[in-house]
Every structure is written in structure tokens, then in C-alpha cells.
Amino acid sequence: MPETVSRGSSTGTFATAARTAGTGAPACGTVAPSATARPHRFRGRIGVGLAGGFYPAPHRYQLYLSEGCQRSLRVSITVALLGLEHSTATTVLTRPAETPDAFASLRRAYEATWHHYDGPLTAPALCDRWSGRVVSNHTPDILRDLADLADLRDDEGPGLPALRPPALAAEIDAVRELLTRDVTPASPPHARAATLALLDHQLASSPYVLGEAITAADVDLWVALTHLDTAGGALSAYLHLDGYVRRLGRHPAFLGGGRTGR
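In our numbering, the protein residues as written are 1 to 262.
Everything labelled a hint here was simulated from the structure, so no lab data went into it.
We treat Cβ as the ideally placed atom computed from N, Cα and C, and that holds for glycine.
One thing to keep in mind: the hints can contain errors.
Label pairs and their computed distance ranges (CB to CB) [stated by the list, open to error]:
#1 His115 x Ala89: 21 to 27 Å
#2 His59 x Gly243: 36 to 42 Å
#3 Ala97 x Arg246: 47 to 53 Å
Given only the sequences and the hints, what does the whole structure look like? Please build it.
Listed below in C-alpha cells is the structure:
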């Protein structure tokens, strides 16, 4: 590292980088934690057949997001990019005293899913409004379901991106792994610098991290970059990354999603 990336040939590069040994940084997403109980991971999926047990339908699902959480910001931007704002309800949790009804509603969903649930409430959480249960609080699954299932929209709408095209799915996952490990304030400086240089080189020859079209990898990258110490000049040495953050930050989906990330 860094490895060179030619235009249109990013496939495999980020997967190779992601396999380099390292440690991941913890991510946000737990709200109202309990001192003694551990959170329970719910891994339901929206879909049919073996892929999932919750039928995709507009207005059936509710998202609970946590203010200041990177995972929630990724979900919020994805919802906006896919035009799901009017067909998937979203509630942003702040402090319990400020949003008591939202916390109470989320608590009821956890208790409906797990009898006598006494663990912390975690967000993002995707809930089924028909049954009152939590479908999933596993962010990667939530993002995949939102990206894959057009049936959640009232209508198709023009120009909506394919955020997770099958041909790029492995590279999208590799970029996410690389960012989680190397592009955080807690990452080792040498690893962070090497990965930022790799990404900067890629963006020198394409507008988006995996080519000519925006994908879920761009959502992950933009959120990771904006949570670095940008005020302290963390991207000042990376001309293309700095321009990329500013350019996407003017996109309505990213601009609107930023309210969740504060």
C-alpha cells in the first residue's frame, strides 16, 4: 500500500487492501445502555423465501436512527438517495428526555421481539409497523435491504442509483472493511495515511470511489471522511479526497443526512 488503481479497474484493489492485518475501531449505535445487560442482535431480513421473512411493502417499515451515530448517518443518506423518505418512516433519537415517546416506542418494539427484553436499545433499528417487532439492528443488513429492494418505494422515480450492483458487491464490502479499520480518528496514523493515499489516487481518475456511478461505498467513504478531524486539516494533503467530500456534501441526500450525523 498504497496500490495504484487505473480508471475503471478498481475491482480487487480494495479487497486486497482490506485483507491486510489490522484491528477495527468500535462503531457507535447503542443508545440508553444498561449497565448489566448485553444487547441482543436481531438479524431479520426484508425479502421473500430463504432471504428473509418480512415482505417488502411501502409504509410497512420504520427506521430508528441515533443522532451523532455514523451508522445512522449512513442509513439516513441511503434512504434519501433511494427516494425512500415518503415510504419508510424515520425517527431520530436524541436524548431520552428530548425524545421520550420515540424511546418508548423503540422499547416496545424490542420487548415485542424478545420476551422480557432488558438490554440496551440500539440504533439503527429497522422495525415492522405491522407486527410492532424489530426486524434488524444489524446495520449492514439494513443497508443491503434498503439498497436491494425497490418494492419499498411508492414508485420507481427517475434517476435513482443502484447503490449495490451485484458486480461491485464484494468491492463495496471490502471498502467498508478498509474504512472501519483504517479511516477513523483512532486508526494508526501510518495505516490511515496509506489508505487515504490509496483512495485519493482512485478519485484522481473517477468521480466516485468505484467508478463512474455512486454506490454504497461512497456513502461509507463520505461518512468516514467527515468524521475525521477535518477542521484540523486531516484531508489537506489529499486534494482529490478533499474535493470529493465537498462535492458530495452539496448533494441533497448528503446535505440532508448530515442532520443525523451531528
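Now the hints, each set against the structure:
| no. | hint | verdict |
| --- | --- | --- |
| 1 | His115 x Ala89: 21 to 27 Å | holds, 25 Å |
| 2 | His59 x Gly243: 36 to 42 Å | holds, 39 Å |
| 3 | Ala97 x Arg246: 47 to 53 Å | violated, 36 Å |
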